[in-house]
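Colleague: Here is what each chain is made of, one letter per residue.
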Amino acid sequence: MSSKANRTTPLGLRISAIAGLLFLHLPLALIFLYAFTTEEKSFEFPPPGLTTKWFGVAWTSRPDIWPPLYLSLQVAAIATVLALIFGTLAAAALSRARFFGRETISLLFVLPIALPGIITGIALRSAFDIMSIPFSVWTIILGHATFCIVVVYNNAVARFRRLNGNLVEASMDLGANSFQTFRHVILPQIGTALLAGGMLAFALSFDEVIVTTFTAGQQTTLPIWMLSELIRPRQRPVTNVVAVFVFIVTLLPILAAYYLTREGEHTGGSSK
Amino acid sequence: MSFMSPAVRFQNVSRRFGSVRAVDNVSLDIEPGEFFALLGPSGSGKTTCLRLIAGFEQPDEGHIEIFGETADGVPPYRRNVNTVFQDYALFPHMTVGENVAYGLMIKGVGKAEREAKAKSALAMVKLAGYESRRTAQLSGGQRQRVALARALVNGPKVLLLDEPLGALDLKLREQMQEELKSLQTSLGITFVFVTHDQGEALSMANRVAIFNEGKIVQVGTPSDVYERPTSRFVADFVGSSNVLPPEFAAAHGGHAAWTSLRPEKIQIASQNALVPAACAHAKGIVTAISYQGAVTRITVATEKLALIASTPAGTDVRKGDSVSLIWPKSAMVAMGEGA
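In the order they appear, the protein sequences are chains A and B.
This note's numbering applies: residue 5 is where the first sequence begins, and numbers increase by one.
This note's numbering applies: residue 11 is where the second sequence begins, and numbers increase by one.
The shape of chain A in the complex, shown without the other chains (with noise of 0.2 Å):
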């Protein structure tokens, strides 16, 4: 009786886990099913029926949507290049060097991840208000680079750590100078990691609404413009179909990242 308890799941085990699959992925399921319905004041179930029209409108009809959306894709890609040097910067200094204080500089890199969105939010928006910094993109940036670091600053380091140090040397004795090294040996070796961690840190800062509402001011980006659009009931599904669209842009990266390192850990592993 007991090994067959093993090597089956209890029924009771099985149904709480399919319960849970189905709650965490129906809303995804239902967001992408009111993209195609015909009503578009509220969001009756059963659709009435189906159309995909809204993709139309959306494409055609809302000149609303667009500069959220360039705001937006100009934020995450600022922010994204920010993280990218300063992440790998901070990531070769703490990697490489051994002092008094390494972990504690280590934590305090990585906690702006840890802290609520709204803690970061009110910290930078006080801030500002202090230097009188008015809100611009910038502002925006900032407050998305602060969690965009960190992501690229875990991948990176957790590279720098596998990276043989006599590689550098090895490099530096047949000739090459510090840049050189770096272009070389050490980008090629970390290279999966930074654009696994890049392409994370453009998808957060992609669909991040919390920091932003402290940093933007009256600006909208896309997921503040989503937010807005829920309130008023005209053309709903179009922030459906916008909601689709932000799914695929923040979910292929994501995607590809996590591919990539399990790749860079591979060939990591099979290279010694």
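Hint data in this document are derived by calculation from the structure and do not stem from the laboratory.
Take the hints with a grain of salt, since some may be wrong.
[To be verified] One-sided and incomplete, this derived list gives chain A residues near chain B with beta-carbon spacing under 7 Å:
hint	residue
1	46
2	50
3	53
4	167
5	170
6	173
7	174
8	176
9	177
10	179
11	181
12	190
[Stated by the list, open to error] Here are the simulated distance ranges between beta carbons:
hint	chain 1	residue 1	chain 2	residue 2	range
13	A	26	B	149	50 to 58 Å
14	B	213	A	169	25 to 33 Å
15	B	136	A	252	26 to 34 Å
16	B	14	A	114	51 to 59 Å
17	A	70	B	144	13 to 21 Å
18	A	252	B	118	40 to 48 Å
19	A	17	B	149	29 to 37 Å
20	B	149	A	141	50 to 58 Å
21	B	130	A	114	32 to 40 Å
22	B	117	A	142	38 to 46 Å
23	A	142	B	130	39 to 47 Å
24	B	82	A	93	27 to 35 Å
25	B	78	A	169	53 to 61 Å
26	B	82	A	259	48 to 56 Å
[Unchecked claim] Far from chain A, by Cβ distances over 10 Å, these chain B residues were calculated:
hint	residue
27	87
28	138
29	238
30	265
Glycine included, each C-beta is placed from N, C-alpha and C at the ideal position.
Please arrange chain B on chain A, whose structure you already have, making use of the hints.
Modeller: For chain B alone, coordinates are given in the frame of chain A:
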């Protein structure tokens, strides 16, 4: 020739890590074309010396010259010196050929020329045709050959080798010893290598510097340091020796000084065997026998101290036997100091 500056010159060089003097006031000349060994136990400063020559470390005090030019403040990438690293440090994202051509690529040598040079360098280390292999596919011995080719292709004036044979198994180690020696002879480049294996140092090097606690305790040819150790440390570290206290040495026809007596110079005979005039002897009881293949090491407790004799395998003694130890008086080498 007498005007030629040494390949590497250390002048009162010290290097400290915190409060530890890793290299302590070392002065040393390595001549051009020498196969030079830095020998010592781990933590004795030999590897730091190698890194000082490569430029990975800078001296805190003193000066280093490489072929008459000061190396003070010169970074590794501006020194005409190349290193074979202990773990080989091959670039895992490059093929064997790209690894070997790396230094040439950095110097801006054209693709065709550097590929040709990498090819002949690989042929020199007997890896012809391995250009497009990944480094992960190579065995330890092959990786080492790639590391050698990668260093030598740049035409260094001095080649540094950090524990070059440490990671190889015995058979391969002996083979590589021969190959490194013949490579060094045919290229005529100064080789400086670090090792903690005294057998390796004695069999490969023209000269050996023996390190202890950051200082050089003796420099000389392999036979110098083996036959005429100047300190108990050298006598013991270079092929374990019997170290005789002054009174014991004097009582057996030597000088009243700390004296080295190599185990293989001692013969084991029966208690009443005849002792030739030029020889000394001591009676004792066999306390331990250690079989080591070609030789057997026999520990004999004499009245004053235990001596170790190294005899050809098959010597017929048993633990507890009463024996006489006989050795030529000339085999006792008085050492300068008591340390």
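Colleague: Of the numbered hints stated previously, which ones are contradicted by the structure, given in increasing order?
Modeller: Checked against the structure, the hints that fail are numbers 1, 2, 3, 4, 12, 15, 17, 19, 21, 23, 25 and 27, while the rest are satisfied.
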